[in-house]
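Enquirer: Here's the letter readout for the chains.
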Amino acid sequence: MEYEYLDHTADAKFRAYGDTLEEAFRNALRAMFGLIVSVEEVEPIAKKKVELTAGRTESLLYDFLEEGLFLFETDHFIPADADIKIIGNHLKATVYGDTILNHEIEGDVKSVTYSDMDITHSKGKWIITVVVDI
Amino acid sequence: MKDKVRKIDDFLYRLEPFDNMTVPAEFFLNELLFEKLEDKAVEQLKNVASLPGIYKKAIAMPDCHIGYGFPIGGVAAIDRENGCISPGGIGFDINCGVRMLATTLTRDDVEPNIKELLDSLFRNVPSGVGSESSIRLDDKQLNDVLTFGTRWALDNGYGVEEDIIMCEEEGRMKSADANKVSPRAKARGKKQLGSLGAGNHFLEIQVVEEIHDPKIAKVFGITQKGQIVVMIHSGSRGLGHQVCSDYLRKMEDTYPDIMQKLPEKDLIYAPAGSKLARDYFAAMSAAANFAWTNRHIMAHQVRKAFTEFFPEAKISTIYDVAHNIAKEEEHEIDGVKRKVWTHRKGATRAFGPQSPHIPKDYLDVGQPIILPGSMGTGSYLLVGSQTAEEQTFGSTAHGAGRVMSRMAAKKQFRADEISQELERKQIYVKAASRKGICEEAPLVYKDIDQVVKVSHAAGIGNIVAKVRPFGVVKG
Numbered sequence: 000m001e002y003e004y005l006d007h008t009a010d011a012k013f014r015a016y017g018d019t020l021e022e023a024f025r026n027a028l029r030a031m032f033g034l035i036v037s038v039e040e041v042e043p044i045a046k047k048k049v050e051l052t053a054g055r056t057e058s059l060l061y062d063f064l065e066e067g068l069f070l071f072e073t074d075h076f077i078p079a080d081a082d083i084k085i086i087g088n089h090l091k092a093t094v095y096g097d098t099i100l101n102h103e104i105e106g107d108v109k110s111v112t113y114s115d116m117d118i119t120h121s122k123g124k125w126i127i128t129v130v131v132d133i
Numbered sequence: 000m001k002d003k004v005r006k007i008d009d010f011l012y013r014l015e016p017f018d019n020m021t022v023p024a025e026f027f028l029n030e031l032l033f034e035k036l037e038d039k040a041v042e043q044l045k046n047v048a049s050l051p052g053i054y055k056k057a058i059a060m061p062d063c064h065i066g067y068g069f070p071i072g073g074v075a076a077i078d079r080e081n082g083c084i085s086p087g088g089i090g091f092d093i094n095c096g097v098r099m100l101a102t103t104l105t106r107d108d109v110e111p112n113i114k115e116l117l118d119s120l121f122r123n124v125p126s127g128v129g130s131e132s133s134i135r136l137d138d139k140q141l142n143d144v145l146t147f148g149t150r151w152a153l154d155n156g157y158g159v160e161e162d163i164i165m166c167e168e169e170g171r172m173k174s175a176d177a178n179k180v181s182p183r184a185k186a187r188g189k190k191q192l193g194s195l196g197a198g199n200h201f202l203e204i205q206v207v208e209e210i211h212d213p214k215i216a217k218v219f220g221i222t223q224k225g226q227i228v229v230m231i232h233s234g235s236r237g238l239g240h241q242v243c244s245d246y247l248r249k250m251e252d253t254y255p256d257i258m259q260k261l262p263e264k265d266l267i268y269a270p271a272g273s274k275l276a277r278d279y280f281a282a283m284s285a286a287a288n289f290a291w292t293n294r295h296i297m298a299h300q301v302r303k304a305f306t307e308f309f310p311e312a313k314i315s316t317i318y319d320v321a322h323n324i325a326k327e328e329e330h331e332i333d334g335v336k337r338k339v340w341t342h343r344k345g346a347t348r349a350f351g352p353q354s355p356h357i358p359k360d361y362l363d364v365g366q367p368i369i370l371p372g373s374m375g376t377g378s379y380l381l382v383g384s385q386t387a388e389e390q391t392f393g394s395t396a397h398g399a400g401r402v403m404s405r406m407a408a409k410k411q412f413r414a415d416e417i418s419q420e421l422e423r424k425q426i427y428v429k430a431a432s433r434k435g436i437c438e439e440a441p442l443v444y445k446d447i448d449q450v451v452k453v454s455h456a457a458g459i460g461n462i463v464a465k466v467r468p469f470g471v472v473k474g
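Top line first, the protein sequences correspond to chains H and P.
Counting with numbering that gives the first Met the number 0, you get residues 0 to 133 for the letters of the first sequence.
Counting with numbering that gives the first Met the number 0, you get residues 0 to 474 for the letters of the second sequence.
Simulated from the structure, these hints should not be mistaken for lab results.
This one's a predicted model, so the numbers in the text were calculated from it and none came from an experiment.
All the pointers check out, no bait thrown in.
One-sided excerpt, in silico: chain H residues whose CB lies under 8 Å from chain P:
| id | residue |
| --- | --- |
| 1 | Ala9 |
| 2 | Glu65 |
| 3 | Phe69 |
| 4 | Ile99 |
| 5 | Ser110 |
Here are the simulated SDA-like pairs of lysine to any residue, each with C-alpha atoms no more than 20 Å apart in a straight line:
| id | chain 1 | residue 1 | chain 2 | residue 2 |
| --- | --- | --- | --- | --- |
| 6 | P | Lys114 | P | Tyr427 |
| 7 | H | Lys12 | P | Gln411 |
| 8 | P | Lys409 | H | His102 |
| 9 | P | Lys434 | H | Leu34 |
| 10 | P | Lys1 | P | Phe17 |
| 11 | P | Lys409 | H | Glu103 |
| 12 | P | Lys429 | H | Ile104 |
| 13 | P | Lys249 | H | Leu51 |
| 14 | P | Lys55 | P | Glu329 |
| 15 | P | Lys409 | H | Tyr4 |
| 16 | P | Lys39 | P | Arg13 |
| 17 | P | Lys249 | H | Gly54 |
| 18 | P | Lys274 | P | Asn178 |
| 19 | P | Lys260 | H | Met116 |
| 20 | P | Lys39 | H | Asp6 |
| 21 | P | Lys6 | P | Pro16 |
| 22 | P | Lys274 | P | Arg79 |
| 23 | P | Lys139 | H | Thr73 |
| 24 | P | Lys429 | P | Gly127 |
| 25 | P | Lys55 | P | Gly334 |
| 26 | P | Lys249 | H | His89 |
| 27 | H | Lys12 | P | Pro262 |
| 28 | H | Lys12 | P | Ala407 |
| 29 | P | Lys249 | H | Glu57 |
| 30 | P | Lys434 | H | Asp6 |
Cβ atoms here follow ideal geometry from the backbone N, Cα and C, with glycine treated the same way.
Could you build the full structure based on these sequences and the hints that come with them?
Expert: Written out as structure tokens, the structure is:
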């Protein structure tokens, strides 16, 4: 499973999985955009580069997801997939996706939050939990 | 945690200080609303009661529910010299709020044209996820909006002078500094001025259903049942969210030791006296100005659409209130006047009669409070009070508050069924997204009647009138 949605009264909460931290980051991005469009149907028609440095893994994740929202709002780009490299607290990624004009918008994400954010590594699996403000 | 909360009277519950709490946490709830209160929301208010420099008590409004950092419906007055300012006590959508307009029309006047009118509003007020306005601002113009707020709009041909006067802060916080708003935040806001957005934001044509206080209603411009009014619920769009995010991250990077100790990271704050506290407040004020200008421009479009159909109609602003904001205020605390940042996160200012901060025309009655409900139920117009100033640092509820997640709502409801059900009740809906209708279905909200009942009974916001939706534009 790439990701799943958990119940949250006022906002949206999801859990993303990965064999590597990078894969879990990618799936978290997909989970977040899954709230906005049918993310499986987004073809990798265009790509963009993302490069970030942050103080902690959690803030790196926060910034990465925020960057996704920024691209969405300012460039009308849906980043639905990503090749990610994380070294320490530095992230380099190529994100793939399509323009929003080709997709039906089903929901909104206003912002990433730290509420209940969790990144754990156990039994060879990375598990990321995020609540976004919608 | 909830089991530690004690009932004080029919409308008040209290959590006495323990752990790091320096003040008690108080909840303005009746039994019904207390039952629905989440344990996590109690924990969040406990965390607020542990913030440095908080005075007297952390307070939950009747519509309190889980938020991030502060609970939604959380209010705190925090010392401006020895305390702190927390973006999580204001919210991502800075100055999300409501503007209410009175018209000289009645339901009978509008009924024959309701669908066409709704179509026209839907065309003229951009709504939906990532919605963009037809207004294109260059860098200087955007800076002017951030600096001067609604005054910029008036100078550029939107609205009338009265719209500015009948607005919290007269649509401009002078503490704003556009230079403290990041280029990223500006890039997000540039194309969004005059747009509704999505989620729970809406534009509603409403009908006055009940008038509880005819004298005060009249002062606010509401004279009869059946009168048409309009409500615009929106905020600072992407610009405000980015300001919140930017400063949350800056505070985290600047104060890792504070971050480390916090039970919830969204509660991060900048200590009073720090440059970051000053910068954030200046940027937040700028985002607030953007939001007021946003609602001001949408109100202008509403007025234009109405007068196309009804050239004789007069449309005036009743008031415009912020729901997510911090204000520099002075409150008397244990006999001493204190300079505080009043954090209102999902809460409305509720100043009473003779407050120097409300329009002159309302001095005898108090400040209007606008509480938007859900599509199927109603919304309320209340009035602020001296009691609110004494009990809640001049604050009350901001709306209904959700009880069902958006996920669950999407699973449970179908958009066409809800639209039909509403149409049977003669409520017409135009939505940018069909799923948006499900997410905002009437049943996902707490009963707003209960919220208002508590506000009124506790005396922190008194009922003036109830309105019901007639035509709804949803994001």
